[in-house]
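Chains as they are written, first to last, in my numbering: chain A, 1 to 287; chain B, 1 to 322; chain C, 1 to 456.
Derived from the structure by calculation, the hints contain no laboratory data. Each residue gets a CB set at the ideal place from its N, CA and C atoms; glycine is no exception. Each hint should be verified, as a subset may be incorrect.
Listed next, the stretches of chain C that the computed footprint assigns to chain B, with coverage defined by at least 3 CB atoms under 8 Å from CB atoms of chain B [claimed, not checked]:
id, stretch
1, 55-61
2, 281-295
3, 313-327
Here are the computed lysine-lysine pairs in the DSS-like style, where the Cα-Cα straight-line distance is at most 30 Å [unchecked claim]:
id, chain 1, residue 1, chain 2, residue 2
4, A, K7, B, K140
5, C, K45, A, K125
6, C, K45, B, K140
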Amino acid sequence: MVLGSYKTAICARAADPGILAKSQDGGIVTQLFAFALEEGIIDGAVVAGPGDEPFKPEPIVATTVAELLEARGTRYTICPNMSMIKEATRTYGLDKVGIVGTPCQIQALRKAQLYPMGMRSVPDKIALAVGIFCMENFPYQGLETMVEDLCNVKMESAVKMDIGKGKFSVYTERGAVSQIPLKLTHKFEQGGCHVCLDYVANLADVSTGSVGTPDGWSTVFVRTKVGEDVWGRAIGAGYFETKDIADVKPGLDLVTKLANEKISKNQKTLEERATFGVNKGLRNPYL
Amino acid sequence: MGLLSYLKEIFTGKQDAPEAPVAPAAPAAPTKVEVPQPAEAKPAQTPADVKVEQKPEETKMEELPVADKITIGHVHMSGCTGCLVSLADNYEGLFALLDNYADLVYCLTLADVRDIPKMDVALVEGSVCINDHHSVEDIKKARENATIVVALGACAAYGNVTRFARGGQWNQPQHESYLPIGDLIDVDLYLPACPPSKESIRNVAVMAYLLLKGTDEQKELAAAYLKPLMDLAARGVEACGCDLMVDVINQGLCMGCGTCVAACPVRAIDMVYGKPNIDREMCIKCGVCYAQCPRSFFNFDVINQFEAIGEAIDAAMGKGGE
Amino acid sequence: MAKVVEISPTTRHEGHTKITMQVNDAGIVERGDWLSLTPVRGIEKLAIGKSMHQAPKISSRVCGICPIAHTLAGIEAMEASIGCYIPDDAYLLRVILQCANRLHSHALHNILSLPDMYLPGTDTHINPFTSEEPVRSVALRIQKLREIGQTVGEIVGGEPIHPSNPRVGGMYKNITPRAKSKLYDLAKEALPLARDHMEFMIAVFKDWDARPMASVANGKEVEKTEKFGFHDQGYMAVDPLYGSSSLDIEPRWFPERWTEVRPWDWYQGELEVSLEDAEYPIGGTTPVGTKVWPAMEACTGVPLYDGSPVEVGPRARLAMFRNYDRKGAMGLQIARQMEYMDCLYSMIEAIDAVDCSGSVLADEIPQGDGSLGWAANEAPRGTDVHLAKVKDGRVDWYSLLVPTTWNFPTVSRALEGAPWQLTEVIMRAYDPCVSCATHMMVVDDSKRVVAQKMFQ
Ligand SMILES: Cc1cc2nc3c(=O)[nH]c(=O)nc-3n(C[C@H](O)[C@H](O)[C@H](O)COP(=O)(O)OP(=O)(O)OC[C@H]3O[C@@H](n4cnc5c(N)ncnc54)[C@H](O)[C@@H]3O)c2cc1C
Ligand code: SF4
Ligand code: SF4
Ligand code: SF4
Ligand SMILES: [Fe+2]
Ligand SMILES: [Fe+2]
Chain A
1 MVLGSYKTAI CARAADPGIL AKSQDGGIVT QLFAFALEEG IIDGAVVAGP
51 GDEPFKPEPI VATTVAELLE ARGTRYTICP NMSMIKEATR TYGLDKVGIV
101 GTPCQIQALR KAQLYPMGMR SVPDKIALAV GIFCMENFPY QGLETMVEDL
151 CNVKMESAVK MDIGKGKFSV YTERGAVSQI PLKLTHKFEQ GGCHVCLDYV
201 ANLADVSTGS VGTPDGWSTV FVRTKVGEDV WGRAIGAGYF ETKDIADVKP
251 GLDLVTKLAN EKISKNQKTL EERATFGVNK GLRNPYL
Chain B
1 MGLLSYLKEI FTGKQDAPEA PVAPAAPAAP TKVEVPQPAE AKPAQTPADV
51 KVEQKPEETK MEELPVADKI TIGHVHMSGC TGCLVSLADN YEGLFALLDN
101 YADLVYCLTL ADVRDIPKMD VALVEGSVCI NDHHSVEDIK KARENATIVV
151 ALGACAAYGN VTRFARGGQW NQPQHESYLP IGDLIDVDLY LPACPPSKES
201 IRNVAVMAYL LLKGTDEQKE LAAAYLKPLM DLAARGVEAC GCDLMVDVIN
251 QGLCMGCGTC VAACPVRAID MVYGKPNIDR EMCIKCGVCY AQCPRSFFNF
301 DVINQFEAIG EAIDAAMGKG GE
Chain C
1 MAKVVEISPT TRHEGHTKIT MQVNDAGIVE RGDWLSLTPV RGIEKLAIGK
51 SMHQAPKISS RVCGICPIAH TLAGIEAMEA SIGCYIPDDA YLLRVILQCA
101 NRLHSHALHN ILSLPDMYLP GTDTHINPFT SEEPVRSVAL RIQKLREIGQ
151 TVGEIVGGEP IHPSNPRVGG MYKNITPRAK SKLYDLAKEA LPLARDHMEF
201 MIAVFKDWDA RPMASVANGK EVEKTEKFGF HDQGYMAVDP LYGSSSLDIE
251 PRWFPERWTE VRPWDWYQGE LEVSLEDAEY PIGGTTPVGT KVWPAMEACT
301 GVPLYDGSPV EVGPRARLAM FRNYDRKGAM GLQIARQMEY MDCLYSMIEA
351 IDAVDCSGSV LADEIPQGDG SLGWAANEAP RGTDVHLAKV KDGRVDWYSL
401 LVPTTWNFPT VSRALEGAPW QLTEVIMRAY DPCVSCATHM MVVDDSKRVV
451 AQKMFQ
């Protein structure tokens, strides 16, 4: 159950090389939204658009493929996509909303749909929720420290950042790569991530991440009826290249392993929080 | 030409756009729904396709047994009727609710019953002016007469804008003290927000129905669904945007999703470097930012079943295919 | 000797009120007081010291049926005080909101009125909640019109119940072209529905007017009187649709013509109920022997315009701007239905005119020097006047003269001459919204002195 319930797991990448060029991994998120937009499955999607500082994303409501393309690539810092979920249905006039988010953001979305106290007219307008795997996130200043101090790269000259194979890597315009071991980054993690019990966006319609599949490819879980429908249509239309997940290395075993690690580590944190002080604990949101 | 067709012509115009009445899940029972009268439980036919899934993996749906409707009342204290309008904003769903699940036995704004009758669920809107003895009597009577008392909306739950009240206004300058209903009576459920969305009121109504009239499994699901709202009621009568600081950020739980921003009805919250900043001069103390935050409560047992529960509620309201 | 009879609480309107009457042997009202029992939350007083941005958000919470009117009147009173002119596109968005609110509110009021009415040509009262046809289709159409109004309110206002998008200085956000075309489609969809619905409702109200006998829902039929619900008060309205403010070049409301008196001078003194009808639906009237004291119990004051009570609302607007002249309770009901189409035509015009790329926030938002500003908004139920003084961004003084407050004394007069059993029909014709109407501004001297004090 650490991978959530899903109908299928696939190794995939976008068929459009233009999308792949600047995507983080297999361009799944951007390709799927582009397809959904063209097909009228969504009217637009809340994605992490460019912000006013380098690698500091701002949630935007993208209603064109061009805007989706602008938002490609992972920014390892907080992008409060849920903050736009209502506005998308208001002054943007969307009836069918797509949203991409980390597991916690997708949890927030599902809670907003089931307990929509302050979310009038939002629940039934969610047409496609794409989740991205996430081990942890970093506050902007933490990311800045990792990139500028530990990796010696000016934020402005970074073109891509990536986490994988135990390392945090920063790629620059001039083609250089700067890497630090992941253990150096832990201290900069956002505290709220340490109680998170979801690695692979269990509650998304479709979730995706890099882990488990070769570079340039993505691991995809198709989870819900909505996800199944959209994914099936996109495959049918030739929008994705796929491989059997059983045939690729390292495969789902690694995803499961990492998910287990995250969940057990954070379960432990929750336990420690319960006895954090002297006869006093910290709050547990899951009780 | 018969009266019926004459009337139909008046309101459907010529030939086109005849408003096919949106059929509830099953044809409505031919029972006549009167302007609700107290203590007049009417057997209602229940849609055959209300289904609830217990486990996400299972695709088997439970059949809802034919059962009586529950009785619901709307008790108006010092609120603005916005919460009631929100209930009415279920549009045709309001009729689906009233046809199949609930008799509205008391609601001064919509029906003629003048005294608070016995009822299964009292939706209380507004806080209580303790300087007005009528209000105090009414809230006590609501508690006495209802099995489940719901604080419908921010004023009832937390005081909301009436927290700022301090009297001094003619013609009743002594009306200066307003209390959330939980300060005077035991409250079973909170449904915070100003106003609570139409969908959230609908969900609570359907769940209350399942809780009181459903099968054992449905009761279990409904109880699980309602539990966090009971916990909110137990948590206390004070709410503020400050709760995000005190009970989420300070507790090391905020992860910057931005849900609180979208939920705030007065746009008092914006995100500053990934964490909410609350404009405390805008905040009206409605409590929805905290309630909506995924780190206030997050009940996996229910939310993991979001797909099935969503479908069940849609089916209950006569929406959706299948 | 006149007998005292009281209906308390009244039903099928917003808020808590009662009607205390002295009736003759035939049961005809000789003196009637309709008064608010809704606790006074004291918005005017609690606003003092709050920021000018928050105060209108609080006053929106005065009423959840016409929150758009209160938000706009509140914000515009602040803007009038600080001298802030908003961009045209912000104004257009507010006009769209205004129309949306009126559409939903009038339609909601139909649901509250119908139970006293009859299916034309029959003696059957209309229960809007019955699943039987033809009523169900009417009810669904009402809900559809409301849905369209509320959805427009959602898109433009952020929320239809307590809109979040309007702010001092304009609006937080303009709409996108997609939203604009969605709004347009919604308004177009509503047009034919509204036309048919208006005709249906007018037929129903005319049918009632033509009956010699009538009853409230589930009540006993009594003979109607001629001139049912007539009164001789004047009308007050500032605009057929939107409003006026002290920033206008030619303002259409005049604070110096307004006076307010305490209910003490206006309502009946202490009385004892001497007539009771346990059959009056549902739950009977106040028991014989109960002591009542309207002047003491009333929760609102009595605002006067040129020294007299006035009627505000749909008929006042139509009378002042379109020479409408049908009197009586049904005259007012019919006027309300006649506003449906203009809600939509004006909405469409405003939608058409919005420039989605235009700014909707004033470049400069002054902080205020304590000058008086006022804004009168034509809320669904009538003129909603908010007056404010803002200094250094904070509210120094705030007053709300909301529609139902204006109408209380007028309705009280309109009850006279009617059989007491039908007085709720008259009261309901005014579409009371009483949570709003909890206002009282103390004016104990001559109005001129006060006017000078306040408007210097
Ligand atoms: C903080 C974080 C941690 C991650 N950790 C892991 C991990 O441990 N293992 C793993 O396999 N994958 C992880 N991912 C996911 C991975 O980095 C890719 O985002 C994912 O594989 C999608 O790539 P793509 O090529 O399909 O998407 P693209 O086509 O590149 O699109 C990426 C989408 O994600 C959105 N996005 C970018 N940054 C954010 C953000 N900060 N918050 C919300 N949305 C954002 C973009 O707007 C865009 O729509 C993480 C992502 C983030 C944001
Ligand atoms: S919570 Fe909001 S909508 Fe409900 S009564 Fe209070 S002010 Fe009105
Ligand atoms: S909703 Fe909760 S977790 Fe999300 S940003 Fe707001 S306070 Fe943080
Ligand atoms: S910050 Fe907003 S949502 Fe939170 S309590 Fe205040 S008004 Fe309500
Ligand atoms: Fe606070
Ligand atoms: Fe109102």
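Going down the list of hints, with the structure as the test:
Note: the stretch 55-61 of chain C has 3 residues with beta-carbon separation from chain B under 8 Å; the three-residue rule is met and the coverage holds. Coverage of the stretch 281-295 of chain C by chain B holds in this model, with 4 residues showing a Cβ closer than 8 Å to a Cβ of that chain against a need of three. Given as covered by chain B, the stretch 313-327 of chain C fails the check, having 0 residues with a CB less than 8 Å from a CB of that chain where 3 are the minimum. A hinted pair counts as satisfied when its Cα atoms are at most 30 Å apart, and K7(A) with K140(B) does not qualify at roughly 52 Å.
Taking the CA atoms of K45(C) and K125(A), the gap is about 41 Å. The hint is violated against a cut of 30 Å. A hinted pair counts as satisfied when its Cα atoms are at most 30 Å apart, and K45(C) with K140(B) qualifies at roughly 28 Å.
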